[in-house]
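Order-wise, the sequence lines are chains A and B.
All the letters of the first sequence, read from the start, carry residue numbers 12 to 275 under our numbering.
All the letters of the second sequence, read from the start, carry residue numbers 12 to 275 under our numbering.
Think of the hints as simulated: they come from the structure by calculation, not from any bench.
Hints should not be assumed to be uniformly reliable.
Heads up, the list lumps identical chains together, so a pair's fine if it works in one copy or across two of them.
[What the hints assert, rightly or not] When the alpha-carbon atoms are kept at most 25 Å apart in a straight line, the in silico BS3-like pairs for lysine-lysine are as follows:
1. K241 - K259
2. K137 - K230
3. K92 - K246
4. K241 - K92
5. K67 - K36
6. K36 - K137
7. K67 - K134
8. K36 - K160
9. K241 - K134
10. K67 - K137
11. K36 - K230
12. K134 - K230
13. K67 - K92
14. K241 - K230
Number of protein chains: 2
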Amino acid sequence: MTDISIPISSVVIFGSGNVATHLAKAFSSNGISIRQIYSRNYQHARALASQFNETKAIEHPQQADTGADLWLIAVVDDAIKEIVSALPPFNGIVTHTAGSISMDVLSRFPHHGVFYPFQTLSKERKIDYNSLPLLIEGSDNVTTQKLLKLARTVSPIVSEADSGTRGILHIAAVFSCNFVNHLYTLSADLLANNGLSFDFLTPLIQETTRKILTMPPQKAQTGPAIRNDKTVMNKHLEQLKDNPTLKKIYQLMSENIIHYHQAQ
Amino acid sequence: MTDISIPISSVVIFGSGNVATHLAKAFSSNGISIRQIYSRNYQHARALASQFNETKAIEHPQQADTGADLWLIAVVDDAIKEIVSALPPFNGIVTHTAGSISMDVLSRFPHHGVFYPFQTLSKERKIDYNSLPLLIEGSDNVTTQKLLKLARTVSPIVSEADSGTRGILHIAAVFSCNFVNHLYTLSADLLANNGLSFDFLTPLIQETTRKILTMPPQKAQTGPAIRNDKTVMNKHLEQLKDNPTLKKIYQLMSENIIHYHQAQ
Chain A
12 MTDISIPISS VVIFGSGNVA THLAKAFSSN GISIRQIYSR NYQHARALAS QFNETKAIEH
72 PQQADTGADL WLIAVVDDAI KEIVSALPPF NGIVTHTAGS ISMDVLSRFP HHGVFYPFQT
132 LSKERKIDYN SLPLLIEGSD NVTTQKLLKL ARTVSPIVSE ADSGTRGILH IAAVFSCNFV
192 NHLYTLSADL LANNGLSFDF LTPLIQETTR KILTMPPQKA QTGPAIRNDK TVMNKHLEQL
252 KDNPTLKKIY QLMSENIIHY HQAQ
Chain B
12 MTDISIPISS VVIFGSGNVA THLAKAFSSN GISIRQIYSR NYQHARALAS QFNETKAIEH
72 PQQADTGADL WLIAVVDDAI KEIVSALPPF NGIVTHTAGS ISMDVLSRFP HHGVFYPFQT
132 LSKERKIDYN SLPLLIEGSD NVTTQKLLKL ARTVSPIVSE ADSGTRGILH IAAVFSCNFV
192 NHLYTLSADL LANNGLSFDF LTPLIQETTR KILTMPPQKA QTGPAIRNDK TVMNKHLEQL
252 KDNPTLKKIY QLMSENIIHY HQAQ
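This is chain A alone, in the form it adopts within the complex (with noise of 0.2 Å):
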């Protein structure tokens, strides 16, 4: 483990859902092996390790590989301290992938650290691995250059974030990316509901991308709460009265658009 010229080249991945699954698959399109892959759900486990050359799956933490380089705990927050404990003691690198769990968790290993992939992965999706960030912080020099080396094997945005960077980077990133798909969930239900497509809100949610993704936020801001316009949002209110949360969203949020903005 000392040794920084050595690569990570075998995985335990522990979990089978949209993290675990598409780490799985980047490692493995990237030449390392996948040694062995647990689910709490044992079918999970074999479905994913039946994607890949000899990887076996596993009924129980305490069958992990203790001769792979690298245990990566893949699992929703709650899962891992359970993990974590039924492990049997490991010289090699343990990771979990959360943006909210501190690295501390995994300090009873010597060597640990965090592979957090800060993006929207879903099963069904392939990823682009060019626009997949990945937030790498280590117990120690030789484990986060270790773990740099084989992010940097995976994606081109590599950095290293410490655990109070990757909690405001996560909570930002439910705020941009968890908040605004359900609002694009409700607008297509809404339409849905009157009978018009999704797909007349396309250019428009495009476009809302590139403003921002080319001027502030702050400065792009449209709509009829910026402008104050009592008219259009009683209106809107009036429409959405037998729909209370929708009716709930859109008044917490206009007031918050015109106090935000009259502040400014």
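Add chain B to chain A, keeping to what the hints say.
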């Protein structure tokens, strides 16, 4: 007015904001004469008029040129009625550009309609006319045809849309553009307050957009809320405890994502 074959070739524009500015430029660059520009703020009218040849700024709606083919009212919704009542009689076409205002507000004119650009327009940013959907409504067939023809000189994306359709699309646009942009604004501030660049989010925002243009947004959802990952959500809320605005939006949106996907 009754000859469908004679296209609209001269326009008076009421307003000097984002929509008025961009449509004036769009018309002018397609050979339509901008006869006059009116704005509540005369200096704004002069500034916009100066960008075109032989365009006059006017101080009162009463001075509107009754020899023009089209009067286009592109002002905030609250100001439309006042301008309409101040205008002289006119046999040409009178339109407004508002998504959520009925065409009927213009019914004192024999030929009237709506010319609604379904896009987020900022003065600082050039329009790509190829991605500027224009939604058209007319009080009679000749008016509708003339407005559709005018719209097609500006953009390839032209649809007819009645008041009901326009109203729904406008609400969807508020969710998918205005609220989305505000989430980007809040994210940018969160990052800036922690010394981090908004550029970190670029790959994530681009992928979020690409995803929902190729798969239903319901299927594209990721993040702690859809996993009902209380550990992460509670941690984020704890980190946001000194920012009641972000905390409130975080709670409402997360609860909504949880309920939405549990009900599916």
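The hints, checked one at a time:
1. K241 - K259: both (16 Å within a copy, 22 Å between copies)
2. K137 - K230: between (33 Å within a copy, 14 Å between copies)
3. K92 - K246: between (50 Å within a copy, 16 Å between copies)
4. K241 - K92: between (50 Å within a copy, 14 Å between copies)
5. K67 - K36: within (15 Å within a copy, 64 Å between copies)
6. K36 - K137: Within one copy only: 10 Å inside, 41 Å across.
7. K67 - K134: within (20 Å within a copy, 58 Å between copies)
8. K36 - K160: For K36 and K160, only the intra-copy Cα distance (17 Å) is at most 25 Å; the inter-copy one is 52 Å.
9. K241 - K134: This pair counts as between: shortest inter-copy Cα distance 22 Å, intra-copy 43 Å.
10. K67 - K137: This pair counts as within: shortest intra-copy Cα distance 23 Å, inter-copy 55 Å.
11. K36 - K230: For K36 and K230, only the inter-copy Cα distance (21 Å) is at most 25 Å; the intra-copy one is 40 Å.
12. K134 - K230: between (35 Å within a copy, 10 Å between copies)
13. K67 - K92: Answer is within; shortest intra-copy Cα gap is 23 Å, inter-copy 72 Å.
14. K241 - K230: within (21 Å within a copy, 34 Å between copies)
Violation of the numbered hints given earlier is absent; every hint is satisfied by the structure.
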